[in-house]
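Quick note, the sequences are listed as chains A and B, same order. Under this note's numbering, the residue at position 25 of the first sequence is numbered 25, and the numbers go up by one with no gaps. In this note's numbering, each number is its position in the second sequence, counted from 1, plus 89.
Worth flagging that the hints you see were computed from the coordinates, not collected in a lab. Model, not experiment: these values are computed from the prediction. Some hints could be false.
Stated by the list, open to error - Residues from chain B shown here face chain A by an in silico Cβ test under 7 Å; the list is partial: (1) Asn-95; (2) Trp-99; (3) Thr-252; (4) Asn-254; (5) Leu-327; (6) Asp-330; (7) Asn-331; (8) Gly-333; (9) Val-349; (10) Gln-353.
To be verified - Here are the simulated BS3-like cross-link-like pairs (lysine-lysine), alpha carbons at most 30 Å apart as the crow flies: (11) A:Lys-19 / A:Lys-65; (12) A:Lys-19 / B:Lys-278; (13) A:Lys-44 / A:Lys-26; (14) B:Lys-351 / A:Lys-19.
Unchecked claim - In silico negatives: residues of chain A with every beta carbon more than 10 Å from chain B: (15) Ser-2; (16) Ile-22; (17) Lys-26; (18) Asp-28; (19) Ala-35; (20) Leu-47; (21) Ile-51; (22) Arg-62; (23) Lys-68; (24) Ile-70; (25) Ile-74; (26) Leu-80; (27) Asn-81; (28) Val-85.
Note that CB positions come from ideal geometry on N, CA and C, so glycine has one too.
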Amino acid sequence: MSTVEDYVARIEGTCGAEKDLIVIFKYDKKDEAIARILKKAQLKNSLAGIIFELAFHDVSFRVYKSGKAIFRGIKNREQLNEILVGLLL
Amino acid sequence: MEHHSNIVPWEIISKINGFTIKYAKVNDDGTLDYEDFESKFSSKTKLASLSHVSNVSGVINDVKRIAKVAHENGALMFVDGAQSVPHMRVDVRDLDVDFLAFSGHKMLGPTGIGALYGKKALLEKMEPFQGGGEMIKEVSFNQKTEQCGIGWNDPPWKFEAGTPNICGGVALMEAIKYLENIGMSEVLKYEKMLTEYAVKRLQSCCTKLILYGTSDPSLKCGIIPFGIVGLSSHDIALFLDNYGIMIRSGFHCAQPLHQVFKLQSSARASFYIYNTREEIDRFVEILKEIERV
């Protein structure tokens with residue numbers, strides 16, 4: 001059975017007043033992770049297949065083709081984990 | 090305008106030793122307010138501490154001027170040279186600073202090593218801050234009193250307790266030799282050329298881009314802090330990352346300066362001897378793409 005850890009290498013808090021969270025997907029799983037996210041989240045905008053601006057359960061976030069995603073307005077890592085479970089599994 | 094590394098240690102030690110820290114202002118363009126800095130001195134001032142170059146804005150401070158005022162007021166002068174030593178010729182005797190620190194990782198050297206310059210007479214007067222091997226001349230045991238007597242080694246060994254970071258020291262020395270072979274004046278000249286070129290291109294090509302601080306290359310090293318209207322610094326960094334361009338986003342360990350600039354965070358492009366004008370062209374082209382987001 002897959003887990004979030006199968007796709008996520010690490011999660012980092014951004015440095016700055018914004019307090020956003022950046023998810024770095026495992027290199028060999030990033031394409032699969034992005035594909036799963038694109039299936040489940042609402043696509044609001046995309047640029048040349050490089051950036052995807054998305055929404056999921058009232059949370060807006062951006063996914064980058066390089067295998068990173070930035071989530072805004074997340075209360076804590078537990079909430080982010082719930083969102084990642086919803087998006088990836 | 091200081092890096093946290095030139096704020097936090099003083100705050101910690103002020104709580105232990107009970108002294109007061111006074112902070113000098115910066116102008117709206119990120120340059121130092123020299124008059125304000127000089128107004129902070131009094132007969133009670135023990136030490137002035139200032140970065141030679143801001144790691145956020147790249148502004149070069151006239152530390153020689155502040156050192157002179159410090160000495161006139163009977164104070165010592167400490168300089169954070171982490172952002173200047175890798176980028177320009179720094180003559181501690183000409184600047185007449187009492188202490189100057191720099192780090193290896195910003196000058197092609199390894200992480201975890203740096204150096205502190207101090208005037209010999211001052212270092213000889215100072216007590217060690219760590220104990221261990223190498224920093225003593227002798228440790229003798231008195232059989233009668235059953236106590237140890239300790240004699241300190243000469244500086245710098247007096248301050249280098251324990252087995253040193255030998256690999257780091259060797260690697261930093263090689264980095265210094267490499268840079269000296271190029272010539273620090275050449276390093277600065279090249280960086281200024283890149284900075285001037287980048288600022289001109291950014292100003293002429295990017296419409297939503299905001300440059301923070303002074304853009305006058307004569308006042309700064311190769312650092313360009315910037316933002317793009319409607320995007321966070323982290324979005325800019327992640328976007329550039331897709332194209333193999335690395336910049337720094339966030340506070341850059343200088344949160345107070347961001348408060349002055351009223352910024353949540355900033356994006357920072359920085360240049361060194363390995364960067365080229367072609368890379369700047371590529372950087373500008375990608376920024377133009379970002380503006381379309």
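Against the structure, the hints come out as follows:
no., hint, verdict
1, Asn-95, "violated, 18 Å"
2, Trp-99, "violated, 22 Å"
3, Thr-252, "violated, 32 Å"
4, Asn-254, "violated, 27 Å"
5, Leu-327, "holds, 5 Å"
6, Asp-330, "holds, 5 Å"
7, Asn-331, "holds, 5 Å"
8, Gly-333, "violated, 9 Å"
9, Val-349, "violated, 13 Å"
10, Gln-353, "holds, 4 Å"
11, A:Lys-19 / A:Lys-65, "holds, 22 Å"
12, A:Lys-19 / B:Lys-278, "violated, 38 Å"
13, A:Lys-44 / A:Lys-26, "holds, 25 Å"
14, B:Lys-351 / A:Lys-19, "holds, 16 Å"
15, Ser-2, "holds, 25 Å"
16, Ile-22, "violated, 7 Å"
17, Lys-26, "holds, 16 Å"
18, Asp-28, "holds, 18 Å"
19, Ala-35, "holds, 17 Å"
20, Leu-47, "violated, 6 Å"
21, Ile-51, "violated, 7 Å"
22, Arg-62, "violated, 6 Å"
23, Lys-68, "violated, 6 Å"
24, Ile-70, "violated, 6 Å"
25, Ile-74, "holds, 13 Å"
26, Leu-80, "holds, 15 Å"
27, Asn-81, "holds, 20 Å"
28, Val-85, "holds, 23 Å"
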